[in-house]
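Participant: Residue numbers (my numbering), protein chains in the order written: chain A, 1 to 112; chain B, 1001 to 1114.
Hints are computed from structural coordinates only; laboratory data are not their basis. A couple of the hints might just be wrong.
[To be verified] Straight-line C-alpha distance at most 30 Å; calculated DSS-like pairs for lysine-lysine:
#1 A:Lys44 / A:Lys14
#2 A:Lys44 / B:Lys1052
#3 A:Lys57 / B:Lys1060
#4 B:Lys1101 / B:Lys1077
#5 A:Lys44 / B:Lys1101
#6 B:Lys1101 / B:Lys1052
#7 B:Lys1052 / A:Lys9
#8 A:Lys57 / B:Lys1077
#9 B:Lys1068 / B:Lys1056
#10 A:Lys9 / B:Lys1056
[What the hints assert, rightly or not] Far from chain B, by Cβ distances over 12 Å, these chain A residues were calculated:
#11 Pro8
#12 Asn28
#13 Ile54
#14 Gly58
#15 Glu72
#16 Pro75
#17 Ala82
#18 Val88
[As the list claims (entries may be wrong)] Covered, in the sense of this in silico footprint (three residues per stretch, anywhere, with C-beta under 8 Å from a C-beta of chain A), are these stretches of chain B:
#19 1046-1052
#20 1100-1114
Ideal Cβ placement from N, Cα and C applies to all residues, glycine included.
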Amino acid sequence: NAGVTQTPKFRILKIGQSMTLQCTQDMNHNYMYWYRQDPGMGLKLIYYSVGAGITDKGEVPNGYNVSRSTTEDFPLRLELAAPSQTSVYFCASSPRGDYGYTFGSGTRLTVV
Amino acid sequence: GDSVTQMEGPVTLSEEAFLTINCTYTATGYPSLFWYVQYPGEGLQLLLKATKADDKGSNKGFEATYRKETTSFHLEKGSVQVSDSAVYFCALSLTTDSWGKLQFGAGTQVVVTP
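The task is simple: from the sequences and hints, build the whole structure.
Facilitator: Here you go:
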């Protein structure tokens, strides 16, 4: 079982560039989430989705966008990269609320 | 709003020592509580969970009991190994909705030396 797959694992972006972080899960989970992890700060929720076509903002959505056209895929888009977006990004999925998450291995993004 | 507070790290201990990581929470309702573990260079893995007061979650020798009276969910292990070196996160499910959103603590790094 692949679980949750994130690509790329590492990326360096220049200020103002755009990119999409990919996230795919093969467990048929309805709920999917994007978090960012900054040193000593825990994880902050960026966006989440409760099913195909349904997304909503989390705690720190500014500068990001998402879409959910299928159950499997939940890409995260950065439109105009800024140094403040330097972080490790994790995608996670869950079959329902309160069940707990399966996390991907993360994308380490540096904006210079 | 709902929040989680964990003890600061790093926690450094010798192999076979007893480990406790404190976690307390603030919530307006009755959240589910989780412990996740993150090994170096990897994503987080669910270690254990408890969904109601007095529940005990356990896995891989780790235990935590949901204490509503003290709003705590402390993680314990009786005899740690070098392989337990990792960052441990306490989390709660937000009580304001049912979409499974989690609030994480800042994480506690544990270093076990031989």
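Participant: The structure should be examined with respect to each hint, and the outcome stated for every one.
Facilitator: Quick rundown of the hints versus the structure:
| no. | hint | in the structure |
| --- | --- | --- |
| 1 | A:Lys44 / A:Lys14 | holds (23 Å) |
| 2 | A:Lys44 / B:Lys1052 | holds (24 Å) |
| 3 | A:Lys57 / B:Lys1060 | violated (35 Å) |
| 4 | B:Lys1101 / B:Lys1077 | holds (27 Å) |
| 5 | A:Lys44 / B:Lys1101 | holds (10 Å) |
| 6 | B:Lys1101 / B:Lys1052 | holds (17 Å) |
| 7 | B:Lys1052 / A:Lys9 | violated (37 Å) |
| 8 | A:Lys57 / B:Lys1077 | violated (37 Å) |
| 9 | B:Lys1068 / B:Lys1056 | holds (12 Å) |
| 10 | A:Lys9 / B:Lys1056 | violated (36 Å) |
| 11 | Pro8 | holds (14 Å) |
| 12 | Asn28 | holds (15 Å) |
| 13 | Ile54 | violated (10 Å) |
| 14 | Gly58 | violated (7 Å) |
| 15 | Glu72 | holds (18 Å) |
| 16 | Pro75 | holds (17 Å) |
| 17 | Ala82 | holds (23 Å) |
| 18 | Val88 | violated (9 Å) |
| 19 | 1046-1052 | holds (count 3) |
| 20 | 1100-1114 | holds (count 7) |
Comparing the model with each numbered hint stated earlier shows that hints 3, 7, 8, 10, 13, 14, 18 do not hold.
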